[in-house]
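Student: As a plain string of letters, each chain reads:
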Amino acid sequence: MSFDFLWQGMGVALLPQNLLIGLIGCFLGTIIGCLPAIGPINGIALLLPIAYTSGLPPESALILLAAVYYGAEYGGRISSILLNVPGDAGAVMTAVDGYPMARRGEAAKALAISGISSFYGGMIAVVAMTFLAVPLSWLAIKFGPAEYFVLMVFAFATLGSMVGHEPVKTLLGCVLGLMLTTIGLDATSGAYRFTFDQPELHDGIEFIILVIGLFSISEVLLMLESQVKGTLKPLAVTGSYPSWAEIRYIWWPSVRATVIGFVIGVLPGTGASVASAVSYTTEKRISDKDGTFGKGDIRGLAAPEAANNAAATGAFVPMLTLGVPGSGTTAVMLGALMLYNIQPGPQLFVEQPKLVGGLIASMYIGNILLLIMNLPMVKLFARMLLMPNWILIPGITALSILGVYTAYSSVMSVLIMFGIGIVGYLLRKLGFDMAPIVLGFVLGKVMEVNFRNALALSGGEFGIFFSSTLSIILWIMAIAIVLVPIWLRRRQAARNRAGQPAA
Amino acid sequence: MRKTLLFATLVLTGLAGPALAQPAKTECLAGAKPGGGFDLTCRLAGNALHAAKLIKDPMAVTYMEGGVGAVAYNHVIGTRPADGGLVIAASSGSALLIAQGKFGKHDENAVRWVGALGTDFGVVAVAPDSPIKSLKDLIAAFGKDPGAFPVGGGGAVGSQDWMKMAMIAREAKVDPKKMRYAALEGGGAVTTALQGGHIKIASGDASEMINLHQQGKLRILAIMSERRLPGAFKDIPTTYEQGYTIDWPIWRGLYVGPKVSDADYKWWVDTLTKLTKTDEFVKEREARGLFAFDSLGADFDKRVKADVAKFRALAKEAGL
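From first to last, the protein sequence lines are chains A and Z.
One point on numbering: in my numbering, the residue at position 120 of the first sequence is 128, and numbering is uninterrupted.
One point on numbering: in my numbering, the residue at position 303 of the second sequence is 309, and numbering is uninterrupted.
Calculated from the structure, these hints are not laboratory results.
Remember, predicted model here, so these are calculated numbers, not experimental data.
Backbone N, C-alpha and C fix where the C-beta goes; we use that ideal spot for every residue, glycine too.
Honestly, I wouldn't trust all of these hints.
[Claimed, not checked] Which stretches of chain A does chain Z cover? Using the computed rule of at least three CB atoms under 8 Å from a CB of chain Z, they are:
(1) 192–200
(2) 204–210
[Claimed, not checked] Cβ-Cβ distance ranges computed for the label pairs, FRET-style:
(3) Z:Q221 <-> A:F11: 18 to 26 Å
(4) A:P384 <-> Z:G203: 31 to 39 Å
(5) A:L478 <-> Z:D151: 21 to 29 Å
(6) Z:K179 <-> A:G63: 53 to 61 Å
(7) Z:S267 <-> A:I58: 26 to 34 Å
(8) Z:E191 <-> A:I39: 25 to 33 Å
(9) Z:P236 <-> A:G63: 23 to 31 Å
(10) A:T61 <-> Z:E191: 28 to 36 Å
(11) A:I58 <-> Z:G153: 48 to 56 Å
(12) A:G168 <-> Z:P236: 30 to 38 Å
[What the hints assert, rightly or not] Below are the SDA-like pairs computed for lysine to any residue, each with C-alpha atoms no more than 25 Å apart in a straight line:
(13) A:K150 <-> Z:K111
(14) A:K303 <-> A:R293
(15) Z:K59 <-> A:L54
(16) Z:K111 <-> A:T190
(17) Z:K183 <-> A:D211
Model the full assembly from the supplied sequences, consistent with the hints where possible.
Tutor: Rendered as structure tokens:
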């Protein structure tokens, strides 16, 4: 196929009007991403009618909405790193290594590193989309319930890396997450599980409410406790910036994470939260030789950030080529295309080169804009940590309540958030990690639904899980990710033993 | 009789006078995430009302996710029952959930039904290379070996997509509970699964399948409607034409809280009656793939209650 659409698109994206719109979108997206619970979907739902009624041409409207979307993936990291409050669903794993860095006084460095890895992820994914969008669209079709289930098996296999020094607590956390996903409507039987006749629980616990409860509310409680005990140490913010060596050091982790993130983003059944979770655990599996992940390792910070940006970009592939949204946010954008009477599909690249090309070209420009916009502001953001606790603690609490209430407009959601926060606080006092709970929750839902759908389709035959080439490849990958590190470690140990006498 | 009614209306209108003015602030509540059917209904109403200059300021659209509208339903009844400026989006799916008792303790009489804005229709589709060419073929083959036809729909067991297939299964003398049914996440997932060969029958809505049908990516066997649909649908036979008296309109409409004043309720009904006749509205409705569905005020109220009763019987028959 020809890439005329890209050259035509560059012309569209570089029009002063569209450049300005892209810049506004990136800026709004960063802010929306930064605010807890308020995600890109809320921002886009708000902007779509404004864009439509103000008579923007479709390509400009799409450029604006897309910029908000991937801008939010940049912004989400800021509150994750500084406050341990994930700004949006894709930024949960960013907190795992980003927050310890901020506690050490390296907030500026963490923000810069994650900004750069976001850029790596976003940029590589846009290049991949330019060349692979149409050829990759088959992937979205070939993934049925059985394949999604095996993909989740693979994801759980990478989870083995999270076990750490307290395997029982990690597993318990993971099981707790799995249990929480069973709340709500069970689609296979149509029954409500554990909802206690509360309509608010019919859809189960919202991921973002769980995350805000577990991370930010429990954090606030911990901070309060040390404040009362008088052990709360004021944070230092050193002006450290990442060195060139560090920027090069995160290149391969970012590339690996981008590949994972992009593929998971292309699949309509999974999004940025699964992408960042799987890329983090995979990266930990591959690179965590000294147990530094979770304590502020820049690779653990770079991987999920690259992955969530890549996933956001990947989500456009099925939307543009098949008309199937790859995420909730792209679903709203699909609605926007419908309003303009534009029918997505592979022929869109030929029939609407201005629109598709303009959108893709604007994403190249947008990622560069976001990097330029984000790096100089890093020090400014980092100084937020110097705020006194009497502002910081109520501030985080207020932001969390405001975010959850704005997104779900129900008091019940806020109460659930506090309930989860208190449980999270107790669990943290007992030495549990929050990440395995979140991972169990994210992966468990996709896993259960697809397991049961696959069996519903096969009439209970388990053979369906081994019936396609794709699922067999995924099984092999799952087994490999468990066995290869063990084998490598054995070989390393053997070599060390063999090498010792000589040395 | 008609004349007296008209006269009474005129008198009432005169008496109500200023109270019939537009509510100070209008708001449409969508009981789901942005981007779904409720959002579409709210935006259709809001955009068209504003474009036709029937309201001065644009109508605000707010979201309250949960239980496919159940949370919004309970919220309106419980905390905003008398807000005359607030309309809430509903669909035939809401009537189905009410019939199954999934809207909590409140039934269909707990709110005031204002009117429908348009409708979609259920369809069943197969892959383009499938040997099944008509609904009759499907019912014969499905009746012989239901296990060979895994079905996909965009909702849980008991949802509209499941019900549509359950009615077809009934024609084929198959117990609906024995269907191999996968509850996929929305209509997009259903058509993708059909294209990928993961399912053999897709149950969904006409508007979300018509483009794929025209592109030859799937074949719509029947539109679940009494009458042939216009436009892009004019060559697709209906269930009735193929000899099956099953239909599944998916209307999209609005309701207001139970304690909203008669004057405000009447303002909404009158305004929507005026609205549905404007060109602006027809343009907005067609842009969203909806067909005309003229049912407003008392007529709509009757329609909703009849639907709930029908669904109650269906659900019982299907063994839910």
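Student: Each hint should be assessed against the structure and marked as holding or not.
Tutor: Okay, the hints, checked on the actual structure:
For the region 192–200 of chain A, the proposed coverage by chain Z is satisfied: 7 residues have a C-beta within less than 8 Å of a C-beta in that chain, meeting the threshold of three. For the region 204–210 of chain A, the proposed coverage by chain Z is satisfied: 4 residues have a C-beta within less than 8 Å of a C-beta in that chain, meeting the threshold of three. Against the hinted window of 18 to 26 Å, the Cβ-Cβ separation of Q221 of chain Z and F11 of chain A comes to about 24 Å, which satisfies the hint. At roughly 52 Å, the beta carbons of P384 of chain A and G203 of chain Z sit outside the given window of 31 to 39 Å.
L478 of chain A and D151 of chain Z have their C-beta atoms about 27 Å apart, which keeps the hinted 21 to 29 Å range intact. The supplied range of 53 to 61 Å is met by K179 of chain Z and G63 of chain A, whose beta-carbon atoms lie about 56 Å from each other. Checked against the hint of 26 to 34 Å, the pair S267 of chain Z and I58 of chain A passes, with Cβ atoms roughly 32 Å apart. Under the hint 25 to 33 Å, the C-beta atoms of E191 of chain Z and I39 of chain A, about 29 Å apart, fit the expected range.
A beta carbon spacing of about 29 Å between P236 of chain Z and G63 of chain A agrees with the range 23 to 31 Å that was offered as a hint. At roughly 30 Å, the beta carbons of T61 of chain A and E191 of chain Z sit within the given window of 28 to 36 Å. Between I58 of chain A and G153 of chain Z the beta carbon distance is about 51 Å. The supplied range of 48 to 56 Å therefore holds. One distance hint, 30 to 38 Å for the beta-carbon pair G168 of chain A and P236 of chain Z, is violated here, with the actual separation near 58 Å.
Restraint check for K150 of chain A and K111 of chain Z: the C-alpha separation of about 43 Å exceeds 25 Å, so the hint is violated. For the suggested pair K303 of chain A and R293 of chain A, the alpha carbons sit about 15 Å apart, so the restraint of at most 25 Å is met. With a CA separation close to 22 Å, the supplied pair K59 of chain Z and L54 of chain A stays within the 25 Å bound. Pair hint K111 of chain Z plus T190 of chain A holds up; C-alpha atoms about 23 Å apart against a cutoff of 25 Å.
Taking the CA atoms of K183 of chain Z and D211 of chain A, the gap is near 23 Å; set against the 25 Å cutoff, the hint holds.
In this structure, the earlier hints numbered 4, 12, 13 are contradicted, and the remaining ones agree with it.
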